[in-house]
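> For reference, the chains in residue letters:
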Amino acid sequence: SQQGEEDPQALSIQEGENATMNCSYKTSINNLQWYRQNSGRGLVHLILIRSNEREKHSGRLRVTLDTSKKSSSLLITASRAADTASYFCATALFSGGYNKLIFGAGTRLAVHP
Amino acid sequence: DAGVIQSPRHEVTEMGQEVTLRCKPISGHDYLFWYRQTMMRGLELLIYFNNNVPIDDSGMPEDRFSAKMPNASFSTLKIQPSEPRDSAVYFCASRAIQKDNEQFFGPGTRLTVL
Numbered sequence: 001s002q003q004g005e006e007d008p009q010a011l012s013i014q015e016g017e018n019a020t021m022n023c024s025y026k027t028s029i030n031n032l033q034w035y036r037q038n039s040g041r042g043l044v045h046l047i048l049i050r051s052n053e054r055e056k057h058s059g060r061l062r063v064t065l066d067t068s069k070k071s072s073s074l075l076i077t078a079s080r081a082a083d084t085a086s087y088f089c090a091t092a093l094f095s096g097g098y099n100k101l102i103f104g105a106g107t108r109l110a111v112h113p
Numbered sequence: 001d002a003g004v005i006q007s008p009r010h011e012v013t014e015m016g017q018e019v020t021l022r023c024k025p026i027s028g029h030d031y032l033f034w035y036r037q038t039m040m041r042g043l044e045l046l047i048y049f050n051n052n053v054p055i056d057d058s059g060m061p062e063d064r065f066s067a068k069m070p071n072a073s074f075s076t077l078k079i080q081p082s083e084p085r086d087s088a089v090y091f092c093a094s095r096a097i098q099k100d101n102e103q104f105f106g107p108g109t110r111l112t113v114l
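The listed protein sequences derive, respectively, from chains A and B. Each residue of the first sequence is one higher than the last, beginning at 1 in my numbering. Each residue of the second sequence is one higher than the last, beginning at 1 in my numbering.
FYI, nobody ran anything at the bench for these hints, they're computed from the structure. All C-beta atoms, glycine included, are put in the ideal place defined by N, C-alpha and C. Possibly wrong hints are sitting among the right ones.
[Stated by the list, open to error] Calculated from the model, a selection of chain B residues having no Cβ within reach of chain A, i.e. all distances over 12 Å: (1) G3; (2) Q6; (3) E11; (4) G16; (5) M39; (6) R41; (7) L43; (8) N52; (9) D63; (10) K68; (11) N71; (12) Q80; (13) P84; (14) R85; (15) E102; (16) G106.
[Unchecked claim] Across the chosen pairs, the derived CB separations fall in these ranges: (17) A:P113 with B:G59: 38 to 44 Å; (18) B:G28 with A:D66: 31 to 37 Å; (19) B:D57 with A:Q14: 44 to 50 Å; (20) A:L75 with B:V12: 36 to 42 Å; (21) A:E55 with B:F74: 21 to 27 Å; (22) B:L114 with A:T67: 43 to 49 Å; (23) A:L75 with B:E62: 38 to 44 Å; (24) B:G28 with A:N52: 25 to 31 Å; (25) B:R22 with A:T67: 19 to 25 Å; (26) A:T27 with B:S27: 31 to 37 Å.
[Said to hold, decoys possible] Interface residues of chain A toward chain B, partial, derived using beta-carbon atoms under 7 Å: (27) S39; (28) L75; (29) A78.
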């Protein structure tokens, strides 16, 4: 099964509300990243949090990491219609001398005007 | 910078035909990755290269799939022969060794095998 699993699978909110997405993983990681994918497009990197960090901010994004629970959350504050996209967590695993990313199944976020 | 470039953007072919997907990574990036995305299986890492050398191809589903990186600015993913279950969006991504693991994705190639 996949290393990272997002929850919920789909989220529908109104503009201005906050959106929270969660990610759980199974093995030890070097870092965890969140990506966004707009429909029909490639993934875009949003934010990276290292295994020794607990919280990180970037604009309207806030990411937390709890390595004891092997979980992370992504909070988007004051959401906008343009935030409508799929959001993926990706865990960085050190394998064979290199870091590789394992992506979760994603959360589909719909923000309604 | 033009970002990661993939071609073609869409490919429709018939079962049994050979398919070649192309990727040009961002100049100066040391790593190149090929992913496949489907509704059923999500985003799967197929293979990745470091300095043009294949490092991990454990995600390549079958011998029908092969990937090459003849130089730092070009990679191909070939499927021969193609099957309907290969229908998916194939992404290429690259990253620089100094940038942790931040990967830059191309727009993808949507492959349909009839």
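> If a hint holds in the structure, say so; if it does not, say that too.
Evaluated hints:
no.	hint	verdict
1	G3	9 Å, violated
2	Q6	8 Å, violated
3	E11	15 Å, holds
4	G16	28 Å, holds
5	M39	10 Å, violated
6	R41	9 Å, violated
7	L43	4 Å, violated
8	N52	14 Å, holds
9	D63	21 Å, holds
10	K68	19 Å, holds
11	N71	20 Å, holds
12	Q80	25 Å, holds
13	P84	21 Å, holds
14	R85	19 Å, holds
15	E102	5 Å, violated
16	G106	5 Å, violated
17	A:P113 with B:G59: 38 to 44 Å	40 Å, holds
18	B:G28 with A:D66: 31 to 37 Å	35 Å, holds
19	B:D57 with A:Q14: 44 to 50 Å	45 Å, holds
20	A:L75 with B:V12: 36 to 42 Å	41 Å, holds
21	A:E55 with B:F74: 21 to 27 Å	41 Å, violated
22	B:L114 with A:T67: 43 to 49 Å	47 Å, holds
23	A:L75 with B:E62: 38 to 44 Å	41 Å, holds
24	B:G28 with A:N52: 25 to 31 Å	28 Å, holds
25	B:R22 with A:T67: 19 to 25 Å	39 Å, violated
26	A:T27 with B:S27: 31 to 37 Å	34 Å, holds
27	S39	11 Å, violated
28	L75	20 Å, violated
29	A78	25 Å, violated
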